[in-house]
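Participant: The primary structure of each chain is shown beneath.
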Amino acid sequence: MFQQRVLIVGGGLAGLAASMKLAELGVQTSVMSLTPVKRSHSVCAQGGINSVNELTRQEGDSEWLHLDDTVYGGDFLQHQPPVKEMVDWGPRIIDLMDRLGVPFNRTPEGFRDQRRFGGTLHKRTAFAGATTGQQLLYALDEQVRRWQSAGRIAMVEGWDFLGPILDDQGRCRGAVAQNLITMEIRPFPADVVVLATGGCGLIFGRSTMSMASTGSAASRAVQAGARYANGEFIQVHPTAIPGADKLRLMSESARGEGGRVWVPRTPQDPRPPRDIPENERYYFLEERYPTYGNLVPRDIATREIFDICVNDGLSVDPEKPCVYLDLTHIPRDELDRKLGGILRIYEKFQGVDPREVPMKIFPAVHYSMGGLWVDYERSASGGLAKGSPKTHQTNIPGLYAIGECDYHYHGANRLGANSLLSCIFSGLFVAPGIQSMLGSLSDSASDAKYDPLMQSAQADHQKSHDKWLQRDIGGDNPYLIHLELGQIMTSAATVVRHNRTITEAIEKVNELAERAKKCSLSDRGNWTNQNVIFTKALIDMFPLAKAILHGALARDECRGAHYKPEFDMPGIESDDPAERHRQAEEWCTKFEEKNKKWLKTTIAVLDGKGEPSLGYEEVDISLIPPRPRLYGLVGAEIIEEVWKEQHAH
Amino acid sequence: MTTSGKPASFEVRILRQDAPGEPSRWERFRVPYETDMNVISVLQKIAANPRTIDGRDVAPVAWESNCLEEVCGACTMVINGRVRQACSALVDQLLADRPGEIELRPMSKFPVYRDLVVDRQRLFRSLVRVRAWLPIDDYSDRGPGPRQSQAEQEQAYPLTECMSCGCCLEACPQFQKVDLSEYGEGTSDEQRNAAFDRSFLGAHAISQAMLFNGHPIGKTSAAERLDALMAEGGIQVCGNAQNCVAVCPKEIPLTTSIARAGRATTIHTIKKFFDH
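The listed protein sequences correspond, in order, to chains A and B. Letter 600 of the first sequence, counting from 1, is numbered 600 in the numbering used here, and no numbers are missing. Letter 197 of the second sequence, counting from 1, is numbered 197 in the numbering used here, and no numbers are missing.
Wrong hints could be hidden among the right ones.
For the chain B half of the interface with chain A, some residues (derived, Cβ under 10 Å), not all of them [to be verified]:
(1) Leu-15
(2) Leu-127
(3) Trp-133
If you are wondering where the hints come from, they were derived from the structure by calculation, not from laboratory data. By construction, the Cβ of each residue, glycine as well, lies at the ideal position given by its N, Cα and C atoms.
Work out the full structure: start from the sequences and follow the hints.
Facilitator: Structure (structure tokens):
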């Protein structure tokens, strides 16, 4: 009789959802995390979680429309079956979180309240004040603590995942990790390892992400042979509060509750914002996107805010780029009830009351749509097959990825309030598949025959760690190298991308990677040495940084968050009906050609030298055929008309 | 002073300790002033250039942090004598209150691992003691949870914002450091938990017990939580100093929770008496 075990790495929403479901299924589970899991980055999610609900159904909404909004908003780059399964689960997931005690805001009659988020016309978003991620995470944290106290889940908190352990067949048999306090390095035998390690925002220096979001765990899997998909798709959130150490998120829910984005029509108008009359304010999102207004998808809002500051010179502050996000027209008690959490953050960090004075905000790196490539098994009805061991498995057998660190669900641009859903969904859904994977194995990683494998994996990591501690002093400073990396990545691979800039960035990053390998530690001790832990994470940022840059350079098109002006397809300006029609036909032909070439998943693998090489894979678009993404485009009506003519049959 | 009235630099005094059981010492650093700094960016500056004011190169200071927006609770420490999160401690405000110098110390109620990093496992153990979770049947699809009024949601919500940071415990006169030294080097988890379980729960755990006892599903196991509150190290240890509520960064009504817990345990005792 052998005892099998699953090791979940990462204790955010995805990791905790998977572990509690596995525990319920009777599978022995360990949860490894850098921090006590209650402090995971999921707490930073603010605005809410999407699903179709009884009210939106009465307006004609359905799971199908949630799927449609998600893939249209994501510019059709995601495989559709996983998204279909996710949106079908949406209502059940909200119900489960409700039963777990999440204090969702209520209507006067006692129903769950919903608000509107970007990229949809329906109020699908359930919320708990403006700290929804925190509340959802705590509900799962509580359940995991319940299982832990019953001896059914083992917590491995304060450990850094150093890499998977692969046997000579290439199957994952566990992981090596390092204790952040004692610096002990040891193997954790496991029959399935699940990475739920979140995004890689720290590659961009400052972002809305937490300090743990270095991407190092994903990178370590990639260095062991895992494929990395759609790395170039990085979401830049339209509204964040600039800060010296972090760019703090200002939730989309601020706009969902009626917040308006504007700049004075007079550049750097010195008057206090509330003294500027309505007709001298430029509500540029509302004017340019009459249907969606302030709630256009994030990539579009971000580009508009960037453009208004950088190209139109209309930043409200002469010192730094920013625009107003204005809530001052909304009653105070309503603001406190629905947005209290985020308003307190603004107040605490900026020293200004956003109920009285419009906030100053600017876009910031926020979410990694791309991530570890994972498989899935399609069901006959177009969703996912239940209990399939393939779903969410990486190309390394026995190694899975869920949550932000995988690449499913969000395509080229994620819709607000879909990430909490995708994290909880992928965690819950993967559990029965893992159970069937375990059932197909004839042994256990804890068998004595695997001891030599475990020992040699540990010895390799110990050796490389010891080498770091023995480094000479006087080399480059890892913190300064990180700063430089962040600057290069932010200028080359965020809102607007140019091939020349990306090419230069690749050269600089290559050179920086070499310098990083030779950098020196200021702490060479072997107790709670944060210096060496950070330096190792920094080194592991480079393979992902390179995958992002190479993916962005190769992709000569505009899609979702990936915007290259050189390849933009401008709208139709002509007034002459015949000419408009002709141009629209041309536009549609170009669009189809572009999709033929680029409606593909980018897949990066590292070659023998650790450099990324790219391949492409077809996207499953079997449920909803791609169509032009026309939010606010000039001439959208005629393009849509021609598109429908051409695709009438 | 520069022309803008801001200092060109300021001094940071940090109480450091290399490892558990090692003596602590003060070290002083000079940090160049920049706008919009908080204590995290100060520590980052020191980490990038760990040189004391008297020119000695030292190991960078160890500290915990994650979200940097005061929702994860990781970066709690004692700043200018007050327990709080380093991320929301803005340098401009600190220097306005005490010009020229910022003082950082680790929390004193938890064992120090190194410098500003402390071991807060006891805090999470308290959540196990009061069974701070809802005992739902399973994770299958069983429809929505119980319907709740706005008033109920608004009563629960502030309590659910507790991020287990430990400020209320640091400020509490009754919450004393647990001495594990009697167990020597290799304290087992069981020994440690047993020692924790005899010690004071603290305001955060009492408040969480009240949160779950107020929930329609949580009510079904309310008696177990009240038993935990009445056991050794329970609510009777509270001396009503009310420091907890004064330092809570989330302004959670901890003393209201404690008062409710006091009433509920009294009623629970009487009921138990008559049930026998």
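Participant: The structure should be examined with respect to each hint, and the outcome stated for every one.
Facilitator: Verification of the supplied hints:
no.	hint	result
1	Leu-15	15 Å, violated
2	Leu-127	6 Å, holds
3	Trp-133	4 Å, holds
Violated hints amount to a single one, hint 1; each of the other numbered hints is respected by the structure.
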